[in-house]
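Taking the hints into account, I'd like the entire structure generated from these sequences.
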Amino acid sequence: MLLLFAAGVGTAGFRHQEYRIPLLPGEQQTVWQVEARIEYTALGGPTQIFLTLPPEQTGFRLLEGTGAAPGFGFDVDRNAEQRRAHWTKRHAEGQQALFYSLPVVEDPAQIVEPIPPGALIPPRWDEPYLTAARQVIDSLLPITADAHSMAVQLVNLMTSTPADQNMSLLKDRYDDPELLARLLTTAGIPARSVQVLLLEDGRRRQALMEHVQVWQGDRWRLYHPTTGPVPDSEKLLLWQTETPAVFEVIGGTSSRVTFSMISQDRSMLELAEESREPGFALSLYSLPIAEQGMFKLIMLLPVGALVVVFMRILVGVRTSGTFMPVLIALAFLQTDLLPGLASFILVVAFGLLIRSYLSSLNLLLVARIATLVILVIGIISVFSVVSYQLGLIGGLTITFFPMIILAWTIERMSIIWEEEGPKEVLLQGGGSLLVATLAFLLMDVGLVRHLAFNFPELHLAILALVMVIGRYTGYRLLELRRFASFEPR
Amino acid sequence: MNWISPWRLRRIGVLGMNRRNVAYISRYNDRSNYPLVDNKLKTKLMARKVGLRVPELLHTISTQHEIEDIAELLEHLNSFVIKPAQGSGGKGILVIRGRRPEGYVKSSGGIVDIAGIKRHLTNTISGLHSLGGRPDVAIIESLVETTDAFEAVSFEGVPDIRLIVFQGFPVMGMLRLATRESDGKANLHQGAVGVGLDIGTGQAIAAVQHNRLVRQHPDTNADLSRIQVPNWSSLLRLAASSYEATRLGYLGCDIVIDRHQGPLLLELNARPGLSIQIANNEGLLPRLRQVEALDSPFMSVQERVQEAMSWFGRSAGSGQEELWQGTEGQPATG
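So the protein lines, in turn, are chains A and B.
When we follow our numbering, the leftmost residue of the first sequence carries the number 1, and every step to the right adds one.
When we follow our numbering, the leftmost residue of the second sequence carries the number 1, and every step to the right adds one.
Mixed in with the good hints there might be a few duds.
Calculated lysine-lysine pairs in the DSS-like style (CA-CA distance at most 30 Å, straight line) [what the hints assert, rightly or not]:
1. B:Lys185 with B:Lys42
2. A:Lys235 with A:Lys171
3. A:Lys423 with B:Lys185
4. A:Lys89 with A:Lys171
5. B:Lys49 with B:Lys91
6. A:Lys423 with B:Lys106
7. B:Lys118 with B:Lys106
8. B:Lys91 with A:Lys423
9. B:Lys185 with B:Lys106
To give an idea of the interface, some chain A residues facing chain B are shown, with a C-beta separation under 8 Å as derived from the structure [as the list claims (entries may be wrong)]:
10. Ile313
11. Gly316
12. Ser485
13. Phe486
Hints listed in this document are in silico derivations from the structure and should not be mistaken for laboratory results.
Everything numeric in this text was worked out from a predicted model, so none of it was measured.
Every residue gets a Cβ at the ideal spot worked out from N, C-alpha and C, and that includes glycine.
Laid out in structure tokens, this is it:
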């Protein structure tokens with residue numbers, strides 16, 4: 001066990017020294033690995049695919065992307081207004097999948113001079129839309145002062161209830177982003193609809209979102225078509241501004257493009273040397289991005305397991321289900337602690353109520369659990385809808401709890417209730433939640449997440465610790481209380 | 001909040017959960033022998049085969065169509081007990097004390113008709129009362145009648161005696177008394193009273209309820225310090241022989257005393273709890289170590305019982321009175 005521990009810590013230390021993998025998170029710049037995936041069905045002839053690539057922009061530094069696909073010729077077309085990735089193949093048939101992966105470095109120091117808009121070409125309107133657009137703009141002109149206030153007022157008008165008559169007419173014809181851009185341009189303010197990608201760690205199969213860029217004299221500013229100006233804190237990567245389409249497929253049908261992304265903390269030195277370092281071949285970074293996102297969670301499981309082992313063997317907390325607390329803690333990671341705790345208790349309490357009725361039906365075990373699974377889904381849907389109607393977005397996070405786990409928890413709790421009474425339910429349920437909360441708090445620490453993912457070998461050390469605790473034969477902390485009544489003799 | 005230091009616990013020799021699991025249960029109990037004790041029917045059949053006395057097995061019911069004919073089987077029985085073979089914590093036990101023209105009399109005094117009994121049997125074999133809801137077998141056995149010695153301290157149920165048998169030596173014993181609070185069940189953490197027993201004589205040493213020393217039975221107000229278990233040495237022999245029958249080195253033996261038949265083996269437990277130490281106000285470890293130190297595994301049951309009685313018995317009066325003294329003046333809580 002000492003050996004295991006030494007091996008784990010030693011390897012981690014070695015990798016830190018040799019490959020300069022940072023021990024602390026945040027020392028480095030964040031690198032987003034963005035992966036675009038194009039799927040389409042080839043018709044059986046020559047085929048060409050164009051994918052628009054993001055332009056140089058303020059706040060992000062774009063590194064060299066890769067787009068190799070087996071059997072396809074690949075190059076980057078720099079002649080168009082915006083760079084485009086270009087794949088070609090003489091003969092392709094059936095389902096095809098192409099990847100373009102692009103490292104994007106978050107860099108506040110990166111400043112790109114904005115390209116001012118060309119001459120303003122007012123869009124063409126057909127009647128009756130022309131009149132409606134005129135009236136909308138005329139009604140807003142007196143109460144606005146500049147491009148920004150006009151954009152804000154337009155968004156307000158577009159989302160106001162009851163809807164403005166002219167606006168609802170226009171909204172029937174155009175979708176929100178396009179309408180906003182057209183109205184602004186008609187009002188003499190340069191604006192265009194653009195495609196942006198929201199950067200969120202571990203997201204898979206995302207689509208681009210349509211926003212509107214408005215020229216404010218010296219720079220372009222982003223507006224969301226229903227919520228207005230986009231705060232700087234939101235990490236939006238501008239993907240497409242000039243070309244008419246994000247991607248284009250010739251010689252194929254049913255095409256679509258989706259995006260996966262993951263954030264990594266790495267030093268710039270490594271980034272430059274990555275391809276040459278053999279040490280990285282063994283790292284989790286060599287996995288496809290979608291899998292990396294999954295491993296970020298999986299690698300936290302041992303930490304949670306360690307907490308459970310500690311709490312059960314050394315402290316003596318009773319939990320319902322051995323490792324159920326870890327799973328609850330994983331769900332907390334996605335819901336946040338308080339909303340997670342609240343919704344968990346709510347669902348289990350409700351489930352117990354219904355389960356007490358079920359027990360009078362004398363169902364067999366499997367059928368009983370299946371019934372509970374269905375009911376839990378029902379409870380969750382009702383809670384989600386109700387809390388959404390009440391404006392509590394937090395209620396929606398309830399869906400992150402694994403249904404089967406919830407159903408089993410309710411089943412176990414109700415059996416304990418019947419056999420040992422409500423006190424025991426509170427004791428074990430409380431114990432589970434306590435352990436889950438502790439596990440969550442530990443797994444939520446940035447340093448722990450960072451170490452668990454970047455230094456998988458540290459899990460050997462955790463393994464050693466778990467095994468050491470597993471051989472502990474002394475008293476549990478709570479036994480010191482249980483046996484407190486021993487008289488001195 | 002009351003706490004005790006781990007060093008003092010160690011000095012007393014209290015066995016903790018971790019040490020019990022690692023050093024005793026997993027070392028001395030072979031997993032392959034567990035089904036024998038987890039299933040009451042198997043325990044009973046095995047006990048009958050090796051000649052241990054058990055409450056008489058009247059019938060076993062394992063299929064639905066056997067239930068249809070149950071009225072005939074029960075016709076000439078006045079009292080009986082229905083149990084699930086794999087039940088836990090006293091769940092699903094139906095005690096019938098007698099019969100009246102309108103039906104059967106339950107231990108609580110209520111009446112249940114034959115349809116009610118059939119329903120209970122159906123629930124039992126479909127696994128309603130079993131661990132994990134597995135399909136089960138219902139056992140019908142003869143009712144144990146409380147012996148005179150326990151008449152004053154029994155409340156809704158026959159008191160049973162839990163003995164820890166280590167490698168065939170009875171090392172510690174406790175009498176478990178159901179109370180109103182424990183709902184007729186003999187589980188200490190549900191509020192039953194545990195009375196520690198002197199291995200040498202079968203006399204009461206101390207009594208606890210909810211980890212507190214008590215002197216009187218909370219419901220019947222009987223003086224617990226006067227308890228003397230009858231047939232003590234034959235009871236110990238019964239417990240000690242279950243070691244040969246099960247080959248489980250660390251065993252909890254539950255024994256009842258029938259008015260007519262004497263000590264009967266009720267059930268066995270491969271993971272006996274630790275509360276028995278509180279009821280005895282003594283740790284298990286020194287006794288277990290004394291047995292472990294012994295180097296002659298080929299002792300007869302009789303020899304083992306005699307050794308145990310002389311090792312673990314208390315010489316009359318020593319330290320014993322003080323324990324009861326300590327509880328005097330405290331009202332018995334119910």
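Status of each hint after checking the structure:
Our distance criterion of 30 Å between C-alpha atoms is met by B:Lys185 and B:Lys42, whose separation comes to about 23 Å. Between the alpha carbons of A:Lys235 and A:Lys171 the distance comes to roughly 28 Å, so the proposed pair stays at or under 30 Å and holds. For the given pair, A:Lys423 sits about 16 Å from B:Lys185 by alpha-carbon distance, which is consistent with the 30 Å threshold. Distance check on the hinted pair: A:Lys89 and A:Lys171 sit about 42 Å apart at the alpha-carbon level, beyond 30 Å; violated.
Pair hint B:Lys49 plus B:Lys91 holds up; C-alpha atoms about 27 Å apart against a cutoff of 30 Å. At most 30 Å may separate the alpha-carbon atoms for a hinted pair to count; A:Lys423 and B:Lys106 meet this at roughly 28 Å. Taking the CA atoms of B:Lys118 and B:Lys106, the gap is about 14 Å. The hint holds against a cut of 30 Å. Distance restraint check for B:Lys91 and A:Lys423: the Cα-Cα separation of roughly 18 Å lies within the 30 Å cut-off, and the hinted pair is therefore satisfied.
Using a Cα cut-off of 30 Å, the hinted pair B:Lys185 and B:Lys106 holds, with the two alpha carbons roughly 15 Å apart. Taking 8 Å as the C-beta cut-off, the interface hint given for A:Ile313 holds, the closest approach to chain B being about 6 Å. With a least beta-carbon distance of about 7 Å to chain B, the hint placing A:Gly316 at the interface is held under the 8 Å criterion. With its C-beta approaching chain B no nearer than about 5 Å, A:Ser485 sits inside the 8 Å limit, and its interface hint holds.
With a least beta-carbon distance of about 6 Å to chain B, the hint placing A:Phe486 at the interface is held under the 8 Å criterion.
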